[in-house]
Amino acid sequence: MARVRTVSADPVLEASGLVKRFGSRVALAGVSLTATAGELTGIVGPNGAGKTTLLSILAGDERADEGSLSRVPREVGWVPQQAAVYSKLSVAENLRLFARLERVPDVEGAVERMLDQTGLGDRADDQLGRLSGGNRQRVNVAVGLLANPAVLLLDEPTASLDPRQRERLWEFVTGLAEAGTAVVYTTHNVLEVERYAGTVVVLADGELLFAGSPADLQREVAGPAADFESAFVSFLHARGH
Amino acid sequence: MRWLLGKDLLVLKRSPLLVALLVLYPLLLALLLGLALSRGPEKPRVAFFNQVPSNAEEISVGGDSFDASKYADEFFKSIDPVRVSSREEAFAKVRSGDVLGALIVPPDITTKLEGGVESPTVEVFYNAEDPVKARYVQDTIKSRVQDANLALTRRFTDTALEYLDLIATGGRFSFLGRDFNVLGLQRSEEVLRAARRRLPASSPLRLELDKVIGFTRLARENLDLSDEVLGIVGAPIRVKTTVVRGGGTPLTTFAVAVVTTLSLMLVSLLLAAGALAHEREENAFRRLVRSLVRPEALLAEKILLGALVGTLLALLLLAGLALFVDLDAGRAPWWVVALVPAATAFAAAGVAVGAAAREVRAASLVAIMVGLPLALLALVPSGAVSGTLYDLTRAVSAVFPFRPALAALEAALRDGGEGLAGPVAHLLGLTLGFGVLARIALKRFA
Numbered sequence: 001m002a003r004v005r006t007v008s009a010d011p012v013l014e015a016s017g018l019v020k021r022f023g024s025r026v027a028l029a030g031v032s033l034t035a036t037a038g039e040l041t042g043i044v045g046p047n048g049a050g051k052t053t054l055l056s057i058l059a060g061d062e063r064a065d066e067g068s069l070s071r072v073p074r075e076v077g078w079v080p081q082q083a084a085v086y087s088k089l090s091v092a093e094n095l096r097l098f099a100r101l102e103r104v105p106d107v108e109g110a111v112e113r114m115l116d117q118t119g120l121g122d123r124a125d126d127q128l129g130r131l132s133g134g135n136r137q138r139v140n141v142a143v144g145l146l147a148n149p150a151v152l153l154l155d156e157p158t159a160s161l162d163p164r165q166r167e168r169l170w171e172f173v174t175g176l177a178e179a180g181t182a183v184v185y186t187t188h189n190v191l192e193v194e195r196y197a198g199t200v201v202v203l204a205d206g207e208l209l210f211a212g213s214p215a216d217l218q219r220e221v222a223g224p225a226a227d228f229e230s231a232f233v234s235f236l237h238a239r240g241h
Numbered sequence: 001m002r003w004l005l006g007k008d009l010l011v012l013k014r015s016p017l018l019v020a021l022l023v024l025y026p027l028l029l030a031l032l033l034g035l036a037l038s039r040g041p042e043k044p045r046v047a048f049f050n051q052v053p054s055n056a057e058e059i060s061v062g063g064d065s066f067d068a069s070k071y072a073d074e075f076f077k078s079i080d081p082v083r084v085s086s087r088e089e090a091f092a093k094v095r096s097g098d099v100l101g102a103l104i105v106p107p108d109i110t111t112k113l114e115g116g117v118e119s120p121t122v123e124v125f126y127n128a129e130d131p132v133k134a135r136y137v138q139d140t141i142k143s144r145v146q147d148a149n150l151a152l153t154r155r156f157t158d159t160a161l162e163y164l165d166l167i168a169t170g171g172r173f174s175f176l177g178r179d180f181n182v183l184g185l186q187r188s189e190e191v192l193r194a195a196r197r198r199l200p201a202s203s204p205l206r207l208e209l210d211k212v213i214g215f216t217r218l219a220r221e222n223l224d225l226s227d228e229v230l231g232i233v234g235a236p237i238r239v240k241t242t243v244v245r246g247g248g249t250p251l252t253t254f255a256v257a258v259v260t261t262l263s264l265m266l267v268s269l270l271l272a273a274g275a276l277a278h279e280r281e282e283n284a285f286r287r288l289v290r291s292l293v294r295p296e297a298l299l300a301e302k303i304l305l306g307a308l309v310g311t312l313l314a315l316l317l318l319a320g321l322a323l324f325v326d327l328d329a330g331r332a333p334w335w336v337v338a339l340v341p342a343a344t345a346f347a348a349a350g351v352a353v354g355a356a357a358r359e360v361r362a363a364s365l366v367a368i369m370v371g372l373p374l375a376l377l378a379l380v381p382s383g384a385v386s387g388t389l390y391d392l393t394r395a396v397s398a399v400f401p402f403r404p405a406l407a408a409l410e411a412a413l414r415d416g417g418e419g420l421a422g423p424v425a426h427l428l429g430l431t432l433g434f435g436v437l438a439r440i441a442l443k444r445f446a
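Chains as they are written, first to last, in this note's numbering: chain A, 1 to 241; chain B, 1 to 446.
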């Protein structure tokens, strides 16, 4: 198990008391979160827990009704769940376009860096529409990294990938964290939290139920738990979810 | 914005099927509509038997000669003549349905016209199996014969006026190679007045001469009015034409304007609607507007794309049409002045559709389903429907760019800059309106 446990004391993103309502429904009820440099933070919870809403607010895609953020959207890299890239453009053209829109000072340098990091240098001239889902997602992540942000937000990055593609994507993401980027991601896959997250954030019905290491979560559950997934389910049951 | 514009043009370049459809479909549709608009009823086939000997086609009236065959040439512009060599052949062709009618010109038509005593008669046979075409043949022949009658009447009137002038004022006159000196009423009056002066004051003949002098003066003064009277006889009713509404655009120019405006509408509307919806289908919209591009700038870019491509294609279409239709290339700068705001307004309507429909296929379908009926509505002429319905069609078509775009292009093709300001201002207003609608629709776009 290649767990990343690089913990730094430097908070690069702080969200405090975030509240979001959709009509009478409360999607987030005063959620706070801190992301530190070089750490992977996994946000997990059942459907409708508010994971994507939280990430959208951190990304600046949605506005919170209450609460505060320490960074403006431009300073945060965001990778939406569906690859937000142009299928008729090549890998390099996509990177070049978004680098220009991001007003990156050295566009070609940033493109080269991203091609190198994603390992897609030999596919640079291939149109996105001809790439596999995994490679498209790597380009999607690379676009989020073009401005060299201190924080990268990933919304269910492996949702549509097969196991092999997932493995390769996580290799890429953990490499980013090792290089010092604070990575915050949402997932339905509890094992991806256990395996890669330094901090796990558990949401249910818009409430923050837990924030700590996966080991701490396992310790929270009374009695012997066979594995992390069982511990997580027991944790939710114990809190009425 | 320029990077996104460049991206969209690159995507277009790499989508040849889409570009082909985007260009060919509007062109095909516009071409069909143009044909329907510019082509009048098909010329009816009419058998024509001219019995006038070729050496007798000149008519001589009052010393002037003119060629009667030029009236036949005018007539042939309205029909498809089938020349036959006998009256029987003409009749047989009508009976068999080979032609819809036959016109028989008698051999003595020119001599009777020259003689001025008896009116010549032309014969017309109809095939009335197709009532619509039969009516067209009747109307065409009747109309052209009336034209010929009118032209000949003018000739005879001119000749008669020359004779009357000779009677009124006197002068020399040639007939059958001999010259005659006509005294005329004016000189007769002078001669009579001179004779009266030579008579003694008490002569009873003076009273008689005064009566004759009075008659000659009265006759001369009334003959001076003869040109107006004969003019009225020649054309009892004159037609004065005044254009009350519309610019009096020739049919061909109007057809070109309709064809071009329709193509422009389809290209700009579809492209802008599709390009905006495409951003959502590629999931790029949220990424773009999160921090990279303002939503207003994204809309402006799509409008620019639609306007740019639409204008270029419309200009190419006009250049192509100019090869077949008489268009004044010197007005080309005015074409651009009309096309740019028109394309911009169509593109603005396109982004409103794209923002509302949110998917490329839906946006394209909605653009066509909304655009085409509104375009056709703008072409409904006054008088075709009731007054209230017509006012309604005008009100509805006023909130869509087709009608002002057509008016602008008509003005640019016809008059140059004259009459452009109103439609262009209308188009700018619509651009703003659709831009605001699109911005509102974008709130639920992602």
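Worth double-checking, as some hints may not be accurate.
Claimed, not checked - Here are the simulated EDC-like pairs of lysine to aspartate or glutamate, each with C-alpha atoms no more than 16 Å apart in a straight line: (1) B/K43 to B/E123; (2) A/K88 to A/E62; (3) B/K443 to A/D126; (4) B/K43 to B/D73; (5) B/K77 to B/D165; (6) B/K43 to B/D139; (7) B/K112 to B/D73; (8) A/K88 to B/D98; (9) B/K13 to A/E93.
Claimed, not checked - Which bits of chain B does chain A cover? Going by a derived footprint, with three or more residues having C-beta under 8 Å, they are: (10) 10 to 19; (11) 287 to 298; (12) 346 to 353.
In short, the hints are calculated from the structure, not lab data.
The model shown is predicted, which means the values in this text are computed figures rather than measured ones.
Glycine included, every Cβ here is placed at the ideal spot set by N, Cα and C.
Q. Are there hints from earlier that the structure breaks, and if so, what are their numbers?
A. 1, 2, 3, 5, 7, 8 and 12
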